[in-house]
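These protein sequence lines map, in sequence, to chains A and B. Residues 1 to 555 (this note's numbering) make up the first sequence, in order. Residues 1 to 398 (this note's numbering) make up the second sequence, in order.
Simulated from the structure, these hints should not be mistaken for laboratory data. Be aware that one or more of the hints could be misleading.
Computed far set for chain B versus chain A, every beta-carbon distance over 10 Å [what the hints assert, rightly or not]:
#  : residue
1  : K31
2  : E56
3  : G62
4  : N106
5  : V129
6  : P228
7  : D234
8  : G261
9  : F269
10 : E293
11 : M345
12 : L359
13 : E384
To give a feel for the contact side, a few chain B residues facing chain A, derived at Cβ under 7 Å [as the list claims (entries may be wrong)]:
#  : residue
14 : D44
15 : V68
16 : A74
17 : A82
18 : T85
19 : S93
20 : N103
21 : N110
22 : R137
23 : A246
Where is the CB? At the ideal position from N, CA and C, for every residue including glycine.
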Amino acid sequence: MSWLRLAPIVTVLVMIGPVGAGLLATIGPAFGIMPGLSDAPAGLAVWRRLFDMPGLGQGVALAAWTGFAATALAFVIAVLFCAAWHGTATFDRLMRGLSPLLSVPHVTVAFGLAFLIAPSGWLVRALTGFERPPDWLTVHDPLGLGLIGTLIAKELPFLLLMTLAALNQVPAQRYHAMARTLGYGRMLAWLHGVLPLLYPQLRLPVFAVLAYSLSVVDVALVIGPTLPPTLAVQLTRWFADPDLSLRLVAAAGAVLQVAVVVAGIGAWLVLERVVGLLARRLRGAGWRGRQDAVARGLALAPALAALTLTGLGLATMALWSLATSWRFPALLPQDWSLRAWDKVGTAALGPTVALALAASTVAALLVLGCLEHEAAADRKPRRAVLWLLYVPLLVPQIGFLFGLQVLLVWLGADGGWPAVLWSHLVFVLPYVFLALAEPYRAWDSRYGRTARCLGAGPARVWLRVKLPMLLRPVLVAAAIGVAVSVAQYLPTLFAGAGRFATLTTEAVTLSAGGDRRVIGAYAVMQMLVPLAGFALALGLPAWLYRDRRGLRVGR
Amino acid sequence: MRNAILGLIMAVLAAPAALADGWDDVLARAKGQTVYFNAWGGSDTINAYIAWAGEEVEKRYGVKVSHVKLTDTADAVNRVLAERTAGRDSGGSVDLIWINGENFANMKRNGLLHGPWAESLPSWRHVDVAGKPTVVRDFTEPTDGLEAPWGMAQFVLVYDQARVATPPRTLAELAAWAKANPGRFTYPQPPDFLGTTFLKQAVIGLNGNDPRLAEAASDAALGELTAPLWAYLDDLHPAMWRSGRAYPANGPAQIQLLGDGEVDIALSFDPSEAASLVKNGQLPDTVRTFVFEGGTIGNTHFVAIPYNAAAKEGAQVLANFLLSPEAQARKQDPRYWGSFTVLAMDKLTANDRARFDALDLGAATLSAAELGKALGEPHASWMERIEVEWARRYAAGQ
Numbered sequence: 001m002s003w004l005r006l007a008p009i010v011t012v013l014v015m016i017g018p019v020g021a022g023l024l025a026t027i028g029p030a031f032g033i034m035p036g037l038s039d040a041p042a043g044l045a046v047w048r049r050l051f052d053m054p055g056l057g058q059g060v061a062l063a064a065w066t067g068f069a070a071t072a073l074a075f076v077i078a079v080l081f082c083a084a085w086h087g088t089a090t091f092d093r094l095m096r097g098l099s100p101l102l103s104v105p106h107v108t109v110a111f112g113l114a115f116l117i118a119p120s121g122w123l124v125r126a127l128t129g130f131e132r133p134p135d136w137l138t139v140h141d142p143l144g145l146g147l148i149g150t151l152i153a154k155e156l157p158f159l160l161l162m163t164l165a166a167l168n169q170v171p172a173q174r175y176h177a178m179a180r181t182l183g184y185g186r187m188l189a190w191l192h193g194v195l196p197l198l199y200p201q202l203r204l205p206v207f208a209v210l211a212y213s214l215s216v217v218d219v220a221l222v223i224g225p226t227l228p229p230t231l232a233v234q235l236t237r238w239f240a241d242p243d244l245s246l247r248l249v250a251a252a253g254a255v256l257q258v259a260v261v262v263a264g265i266g267a268w269l270v271l272e273r274v275v276g277l278l279a280r281r282l283r284g285a286g287w288r289g290r291q292d293a294v295a296r297g298l299a300l301a302p303a304l305a306a307l308t309l310t311g312l313g314l315a316t317m318a319l320w321s322l323a324t325s326w327r328f329p330a331l332l333p334q335d336w337s338l339r340a341w342d343k344v345g346t347a348a349l350g351p352t353v354a355l356a357l358a359a360s361t362v363a364a365l366l367v368l369g370c371l372e373h374e375a376a377a378d379r380k381p382r383r384a385v386l387w388l389l390y391v392p393l394l395v396p397q398i399g400f401l402f403g404l405q406v407l408l409v410w411l412g413a414d415g416g417w418p419a420v421l422w423s424h425l426v427f428v429l430p431y432v433f434l435a436l437a438e439p440y441r442a443w444d445s446r447y448g449r450t451a452r453c454l455g456a457g458p459a460r461v462w463l464r465v466k467l468p469m470l471l472r473p474v475l476v477a478a479a480i481g482v483a484v485s486v487a488q489y490l491p492t493l494f495a496g497a498g499r500f501a502t503l504t505t506e507a508v509t510l511s512a513g514g515d516r517r518v519i520g521a522y523a524v525m526q527m528l529v530p531l532a533g534f535a536l537a538l539g540l541p542a543w544l545y546r547d548r549r550g551l552r553v554g555r
Numbered sequence: 001m002r003n004a005i006l007g008l009i010m011a012v013l014a015a016p017a018a019l020a021d022g023w024d025d026v027l028a029r030a031k032g033q034t035v036y037f038n039a040w041g042g043s044d045t046i047n048a049y050i051a052w053a054g055e056e057v058e059k060r061y062g063v064k065v066s067h068v069k070l071t072d073t074a075d076a077v078n079r080v081l082a083e084r085t086a087g088r089d090s091g092g093s094v095d096l097i098w099i100n101g102e103n104f105a106n107m108k109r110n111g112l113l114h115g116p117w118a119e120s121l122p123s124w125r126h127v128d129v130a131g132k133p134t135v136v137r138d139f140t141e142p143t144d145g146l147e148a149p150w151g152m153a154q155f156v157l158v159y160d161q162a163r164v165a166t167p168p169r170t171l172a173e174l175a176a177w178a179k180a181n182p183g184r185f186t187y188p189q190p191p192d193f194l195g196t197t198f199l200k201q202a203v204i205g206l207n208g209n210d211p212r213l214a215e216a217a218s219d220a221a222l223g224e225l226t227a228p229l230w231a232y233l234d235d236l237h238p239a240m241w242r243s244g245r246a247y248p249a250n251g252p253a254q255i256q257l258l259g260d261g262e263v264d265i266a267l268s269f270d271p272s273e274a275a276s277l278v279k280n281g282q283l284p285d286t287v288r289t290f291v292f293e294g295g296t297i298g299n300t301h302f303v304a305i306p307y308n309a310a311a312k313e314g315a316q317v318l319a320n321f322l323l324s325p326e327a328q329a330r331k332q333d334p335r336y337w338g339s340f341t342v343l344a345m346d347k348l349t350a351n352d353r354a355r356f357d358a359l360d361l362g363a364a365t366l367s368a369a370e371l372g373k374a375l376g377e378p379h380a381s382w383m384e385r386i387e388v389e390w391a392r393r394y395a396a397g398q
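Bound-form chain B, shown alone:
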């Protein structure tokens, strides 16, 4: 018994050293590897940020990074799936994926991910696990160290203050505003994630954030909690853009509608997106951001390593760099990207904290206080069930 305790103490004492040893080992093996980072490539600011991170990682650790630009995360998931189907269980072509939510849950369930590795990254000690619980629970699914957090997102609404005097701050106000301004509001067509997020936001708002939403959806709960949603949508759709007979395909298409003046309110999952679109001229400079009273859905996006990745160590080195205070501060800077950090300010050194304090977020971005409370995502099963039902009700034709 005493030996066991002694052994335990020894193990605890030795752990940090072992960790450092392990990391040195990772660094040594990563050197010379090329990491194929599969990430959505639709934004040139984000592409430029990834290019910067790649250059830094190559300079500091001798790891080359190649950004494989995706139109959809599913392309990378499909690639891993094709490799599994063809029996290529090592030397795969995807080393790191930008991922979250259902894509993560499904890859995890099908054993397509490598790990756990995320919580043994040196940068992990700065992560705000207590203040931002979604960094370890991705759409309520425990991450189990299979993915490392990269940034925070929160559902916000974007409006043009030249055309909307007072933005509607609740779901009821939104419906009333839409009826007073027919044809000036829409949401991307589910299962686009932004459109689905709007539906989830509505379910939460209409049910006072019922605790059953955090659990797997039962038939009874589904019927009870989604009934107000369908009633709300049946009421809202006739007043929407094209009377609800067509929907923009995705977030960018909807932002384009705002830029064209076809709609006055749009949705976003990036609190600083409006500011960067104003800056590059896609939206007029009268565009501002607002949120609903009572909070909006917030989540975290991650990076994960497929089970058959060829450069697992290089991928960890890149993930560790992306999680460092330096890279996170640049990521939060609207000049480079504007996505909120996953780190805890009180875990940083004074120097690192200063990097974040110095950022100027721009007029179209809300402060953390104005953004308000981030609500948790409902359990992933809700999303799937609601998407199917939405399609059945509104997209199946007559």
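So that you can see chain A by itself, here it is in the shape it has in the complex:
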């Protein structure tokens, strides 16, 4: 199976090629190189203009603050929740509630939470007796607290699931039990005994969250500060400004945005060290933290709040989709209708599903190739390879998408199916890899050896033994790929020459009209498609293997 050796190379090229070329094509304009523009300033003039833009410094500071605070808080909440509740029924219940949120687009969560916390929103309607909405600055608050809250609510499920996946790879139970026998309380035993083992595997997911939070645009537009907005929002505006020479400033801003992300990751690495040292001091002090009942309650509260608020927000969006009008201070819509649902383009459903299936299938095949190659060679990939895998998640989209568009036009590939599929693959691949790698590596190779002893060739072993045993994780990984593909907006737009209508592009263009009812209807649709994927991924193996007890899911 020598073609297997090609799988990692193809995978990396598929992912890194566009990002690298896109970045290069962004750096050019940042230094005044843009053949399409006749009134382009040259060289460093672009950078001088960038640093003269009003509100730039504030925008960078805001991006750093909101991105860092959101990531740190989400991480701390996730870790404390795991420390306090891992292995309990409460933990399982909450995870079941949180997992579906993984497939909800960020901006939908933002719309939902914005409608909850606005002075004319649902919480004020439910909890106060105002006849007119009070003039409170909750949405778009200058400190970005709403933005931070939304990011936490959305990233928490991702971090928890990544933690859960990592927990399966280390002997967490044994270490935890050992720390308990040393007299540590439940939480401290986990923090001292399990977390240090776990953390190296969480680092990259955390960086992905950090990079995303530092450069997020759509969520910040809905709920973030406006005077000035964060850097990413500012440079998106410049990309859209009628003054074409601002495109160059935007390109320079995109390079600055990449620098902010790099600096953010650097700062996180420093923080890591500091926390590590403090934890060692704490261990040396010998405090056992045996009375942690209150702390466990406190650790549950933020996770529960995130789940409740997000759920409420999404429920209100679903209600909006059924409303004709819903005016302040009514708790429920005054008039109901299905009109918004008529506007949901069913025409977009077909391409959305086809694209998502194609992208996740290709991604799953490539990832299976990589992992099988790795298993055949019997060695784990080096750290550097993992980093490569994360590049599309670490580089801000705005930093390379314009360049990618130029590249695709130059290749004559824009506007077609293959280009859109490729652009989706860039983002689908890393997630599919992350989801599949650990279960695949954890497969007990003795099954394979047994089958070989019975006379089966490698291909037959793979097809008849390994794949059936791993069908569930493979399908779950593919379902995650579907969810990621369905949520893509900018890549679809840029690679599809705007001609490729998916649920998400339709949702985003129609939300430009600000009609909450239509936004609500699309939000529900955007949730349903990935959920259907997950249901299939879980239901199909259960049905196929209904008569094989050993392949049924435990618990």
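Based on the hints, put chain B in the right spot on chain A.
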């Protein structure tokens, strides 16, 4: 000499025939083309109108129309720019753009537009060039036939008469009303075009429509004419929604605030927008429209063809249809869109005029007489300078 004159006469006589020939040629080449019409897609009524126009054009001329729905006109401009950068000077992916103002001026300046073609469209003869000078001067920039007018817009204010007894009819009254009703007025954050239009309206109003506003902004004029604007805003902002510490991102977000009851007065650049929002339930039926005394800014929106468009002839056929009395009358009908026509009633046949006379504009829409005088846009340079200064003063943080 005589030959020259004779030749000139011949040329003049032959012109209409040549025009018709040229148009037949365009029609012939357009047949079978697919026109990618890049237009803002945030309103399903407008989307439905474009879909209708596309069906008609396909039925009558065999030209397929595909509406590329944009969140921002800049997306299409960026696409053309990317194609120019990558060296694709023909066979481009954008055939027709819904455009005006700065986007047009910048594309024109950078040579990104095809033409001139607009004034040789058969429908051009109905256009009200004399009565609506903005159909050939887009934000004072001469269109030079590089774009065809599509519709008229005028700055209006929208209020809820259940909450505002007498709407403020001047800038001074607006400031006084805002102070008496703190937190109930705001405008979209510049450089959103609606927010910027409010600033331009204020500059014109505070300076009695100074003629220097129609020319490129000089530093001296800028300082002199914008000083009253900043004084006015410094006075108004503390009384505004969120005390001026946050702004809605754009027109739709601001309309949402009106629907939620957070503000009582909102801005619009479409005199019939309020009526259609009332009709579909987004705004309460107590919403009405008003304008400032002394007139408000009016402008025209256009369609333009990028220099590298693949279906230039098909795009012209579509533009010509959009400009026809039939399509313009439907566009002005609030049931389908409600945007005012660019055509001159006295240039139409009696039949075509009847289409317009039959329209019922709805309670929330002002009549043409009530709308009053449309003021010209200031020169595009004013907009850019004012946007930068606004950001420096109010959006740069402390």
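Hint by hint, here is what the structure shows:
no. : hint : result
1   : K31  : holds (21 Å)
2   : E56  : holds (20 Å)
3   : G62  : holds (20 Å)
4   : N106 : violated (5 Å)
5   : V129 : holds (25 Å)
6   : P228 : holds (21 Å)
7   : D234 : holds (15 Å)
8   : G261 : violated (4 Å)
9   : F269 : holds (14 Å)
10  : E293 : holds (29 Å)
11  : M345 : holds (31 Å)
12  : L359 : holds (23 Å)
13  : E384 : violated (6 Å)
14  : D44  : holds (5 Å)
15  : V68  : holds (4 Å)
16  : A74  : holds (4 Å)
17  : A82  : holds (5 Å)
18  : T85  : holds (4 Å)
19  : S93  : holds (4 Å)
20  : N103 : holds (4 Å)
21  : N110 : holds (5 Å)
22  : R137 : violated (17 Å)
23  : A246 : holds (4 Å)
Going down the numbered hints, you'll see the structure goes against 4, 8, 13, 22, while the others check out.
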